[in-house]
Every structure is written in structure tokens, then in C-alpha cells.
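Novice: First residue of the sequence shown: 0, per numbering that gives the first Met the number 0; consecutive thereafter.
No wet-lab data here; the hints were simulated from the structure. Be aware that one or more of the hints could be misleading.
Unchecked claim - Heads up, simulated DSS-like pairs for lysine-lysine below, C-alpha to C-alpha not over 25 angstroms straight-line:
id, residue 1, residue 2
1, K329, K365
2, K191, K207
3, K321, K365
4, K109, K44
5, K247, K191
6, K200, K135
7, K179, K242
8, K329, K413
9, K221, K191
10, K493, K447
11, K390, K413
12, K348, K364
13, K277, K151
14, K199, K135
15, K319, K207
16, K319, K413
17, K431, K195
18, K447, K364
Unchecked claim - The following label-pair restraints were derived from C-beta to C-beta distances:
id, residue 1, residue 2, range
19, K135, A69, 25 to 31 angstroms
20, T216, K135, 42 to 48 angstroms
21, I22, S134, 38 to 44 angstroms
22, P278, T491, 31 to 37 angstroms
All C-beta atoms in this analysis are idealised placements derived from N, C-alpha and C, irrespective of residue type, glycine included.
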Amino acid sequence: MDFTLWQKITFALSYNESIGHNIMLTLIYAIAAAAIFIFFLLLIKSLTHRSERPKTARKGIGIGSVIGMAAILFWGVIFPVGLFLILTVTLQSVSSAKVIGDGVYFTYNKEPAVAVLTDEYKANGTDRGITYGSSKIYATAILPKSGKTIWKVKLDRTTSQSPKIFHSKDTYIWLFDGSKLTAIDKKTGAIKLTQKALEKKAPELSGKFPTSSDNYTSRGNKIIFKGLDGDIYQFDTVTKRGKHLAGKVASDYFSDKSSPIETDLTLTSPIITMSPAKPDYAVFLSASDIKKIESGATDMRIAQNTEERRDLYLTTLHQKDKISVADRQKLDTPGFINGHFLLQRGNEKNAYQFQLPPAFQKYRKKPSLPDTSHYTDAATYNRDYTTAYDKQSEYLTQKSNYDSFFNQFRPNNKPPKAPLLADNQLFIIHAKTIEGNSGLLISSFDTKKRTVHWTVPLGDVTISDYKQIDDSLILFIGAGNPENTVTINIHTGKAIGYNFHYNRSYDVKKKMMTLIKCHHFFIYLYQKDLF
């Protein structure tokens, strides 16, 4: 529903949350008040000094006075107020306020009330057809019947555009403001609990809260989220207790979404061959992948999105003609967020290159259809034909599932390149956290001990090129035309970076710690409106 022109004018002449609008409105009111004061002062003066003018000029106020007072009214009241109204009403038309998500309903002084999150964009001006302004997120509680605002709270500014509000039966309204979890008093709108305070009350959740609303949901009084480590956690808003939901998987609570990092299957692979004779594979599997395979789902391709956390397993991935991970053995490595093995850039081969298992036909012979020459009775033939046809259809379906499952590891239906191997070490690329901008890590995997040897933070989310030279692994970090390289000693994991812009080298691990501290500092300034 749009407002009338008079309503827009009324709103324009009223104070609101915009500081710039309020300053200009105050200035306009001050100028108009001064002009009106001078107008009446001149009017009174003109009337009281009427007797001093010649008799022929005593009628009325006098043409000169009229022009002067009209000029004062025009330039002091009509012009500034009119200009202000034109600009404000025009900018109001391109400003907006949108409710984000669902509301939370509660009772306020025995009246029904609702609290919502709003994204309010205030246009401040236009230049060559381009409107510019500012957007702020508010938590607002109103009485729907009367339209009265109970309270309105501006949330900390954040680069995220996806806040979320949660239902709760206690005295607080729980919300995710786009970067952290917060509790607001239902009656006053005062912020009662911050995420830091929550982590003190529930230390088991410390450092686990994600910074994207896509990773939060609620069930009754419990807020459930996918932690930065990829596991599922729960926070009880009544008891203020946290809990690790062991055995739960992301797909139980969250819908499918894009992975935090884009994986180029020509550079990486989630699987390698560990024992070519079987073959026995080392493969990254999530809890959802295992559950899906064990359930015998028709589409048994390994999930690439919802469940980012994957552990490294040894398994043949099949039991004769059936896709299976019943023989899986979890390796003594930490869980990886979207873990993939780094592949050779060239065409060098080694024993760890992915190989297809024996063909489906080795384990199961294709059923044949009956030969009409062996039958003299049509009814018997039709019965046997139907039975054989059903068996053949089932065979073809199983073969298709078998082939499709293993062909998913063959990009463009070609054998993948061999994994990068140096000094009995393979290299795993994985994300630091489930957040899309958390950056990549690289870990070395010792093929003899079958454990992780070292891990190095790379900072960016993209690797554009890499090369192994002697005992060094050189990586170009960033997309397009990267400015940085990282050189890692394969034996020790010591990493030295180089920036081409400043022509200077740096210790990668020390720089990452400095960047993290600076990032947190600027976020603090930004949220406090100091930056």
C-alpha cells in the first residue's frame, strides 16, 4: 500500500532514525521560525508607525513593506521548506523498509505483540540517476492492534545481509544479527546477553558460533546451528546450556546450499587409490555420505554441499556388485572442511592415482531373455519372458548405479590426474571453517604413517597455480592475477610468503595471526560506528 502525498509530507516534516534528516529538519525549522519572527516583527512595526507616514500613504501597510515581508516569507519559509519537502519526498520514494523473515509473537501488558527484524534503507541523495544512502538493521516490537511501537533497537552494523530472529518462550527474544547471536528483553528491547556472555555460560560452544544465518535454525526453545568445525550444536534458550549433538548431520536440519569453497576437480579430487591390488581407496566421506550409501539410495553420488565436514576413510566402496562402505576404516586424521587431495599439474603418474574397481559384469552376469525357439506354449513363454525381463531391468539399474557412482570421480569421463606426491606425502586442500570467506588451509598427509604431518593457512579462498620444486611447494594465492605466492618446505611445513605489490617476503603464519587481529579490531570499530 502506498501513502498519499499529504502523508508523505507529514512524514517528511517528522523526526525519524536518520541523523542527517533530523539535522536538516531542525535547521529548516530554525530558519522558518526566524523568518516568521522577523515577518511579524516587521508587520507590527509597520502598523505601529502608520501615523508617521503621509496621509496619502496611510492606507494599508505600504507597498515596500509588503514586498519586503513577502520576500522574507518566501526565502525564509516557502523556499527552504518546499525544497526540503521535494527532496525528502523524492528520496522517501526510493527508500525502503523490509521485514526479514518471520516474526516472534508474545504478550505485552496483556496485549498481543510481535517482534520483527527490518532492513531499512534510507536514501540520502541521487547523482546522475544513481541513488545512494545507508542501510540499517533494526529489531522492532509493535502492538499490531494499535500500531504502537513498543521499542526499536538498532543492531550492530554488519556486512551480512541475512539476520534471523528466533521464537522463544522465556523473557528474551533471541536473534542472529548477521554476525553473532544476541538476546533482547521482550519488554524493554534492552540487549541482555551478547554472544561473548553466552560463550561464558556455555563454554562448550565457545568458538563454534558461525557468522551466517544459513547455519542457524530453531526447534522450540532450542537454537541449533552448524558450528565452524562442521559439527551440529544446540543452545537451550531456557537453561542457557549448550550441547554437541553427536551423531547428528547437517542434512537433518539444513537444506542444501552452495559449498563455502569452489572445488576445481581438474586440480583436486576427494578420492585416491591407496592399495591398487584391491583396489582400496582413501576417500573423504561425511556422515551424510555414509548414511546415504548405507540406505541404498538410488542416487548414491557423494554429496558436495550440505555436509562440508568430511573425515578420511579407507574403504573399497563396494562389496562385490553393491556400493557399500561397510568395510570403512577411519584414519587418524582430523575432520576436514571440504577436503580434497591436490593433484599433479602435469601428467606424471604414481601408485595413488584413482583407478576404477573391477567392472560390474565381473561380479554379476547379465540375465538373458528366453529364446522363442525353445518354447511351444505361448503362455509359458510370456511368463518366463516377463520374469527374465524384470531381472534384466533390475540388473541394468544396479549396473547404472555402480558405474555412475565411480564415474563421479572421473571429470569429463576421463581418468583424474595422479595426486601430487613428494617425499611420501600427499597434500590436502581444505577450508578453515564452513564460512565462505574463512580461507583455505593446506595439510600434508604422510602416506606411511597415514597421519597429518603439518598444516599451513593460505589466507585466500582460491589457488590459481602451484608447482613442486625439490623440497618446496610453491602456490600462487588468489584468483586471476594473484599478488602473493606461498612457498612451503615439504619436510617442516615452514611457509614463506611473497607479495609482488610491495616486493617483500613475510612469515605466513605470523602474518595470518596479525591479519586476524586486525580483522577483529576493524569489525569492532565498524560495529561501534567508529569506522
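Novice: Against this structure, judge whether each hint is valid.
Specialist: To see whether the hints hold, each was checked on the structure:
1. K329 - K365: violated (35 angstroms)
2. K191 - K207: holds (21 angstroms)
3. K321 - K365: holds (15 angstroms)
4. K109 - K44: Answer violated: K109 to K44 is near 59 angstroms, above 25 angstroms.
5. K247 - K191: violated (30 angstroms)
6. K200 - K135: violated (30 angstroms)
7. K179 - K242: holds (18 angstroms)
8. K329 - K413: violated (28 angstroms)
9. K221 - K191: holds (18 angstroms)
10. K493 - K447: holds (21 angstroms)
11. K390 - K413: violated (31 angstroms)
12. K348 - K364: At roughly 33 angstroms apart (the allowed maximum being 25 angstroms), K364 and K348 break the hint.
13. K277 - K151: violated (65 angstroms)
14. K199 - K135: Violated, because 29 angstroms separates the two Cα atoms, which is more than 25 angstroms.
15. K319 - K207: violated (41 angstroms)
16. K319 - K413: Roughly 24 angstroms separates the two Cα atoms, so the pair holds.
17. K431 - K195: Roughly 21 angstroms between the alpha carbons, so the hint for K431 and K195 holds.
18. K447 - K364: violated (39 angstroms)
19. K135 - A69: 25 to 31 angstroms: The hint (25 to 31 angstroms, Cβ to Cβ) is violated, given that K135 and A69 are roughly 42 angstroms apart.
20. T216 - K135: 42 to 48 angstroms: violated (25 angstroms)
21. I22 - S134: 38 to 44 angstroms: violated (19 angstroms)
22. P278 - T491: 31 to 37 angstroms: holds (32 angstroms)
Hints 1, 4, 5, 6, 8, 11, 12, 13, 14, 15, 18, 19, 20, 21, counting from the list given before, are not met by this structure.
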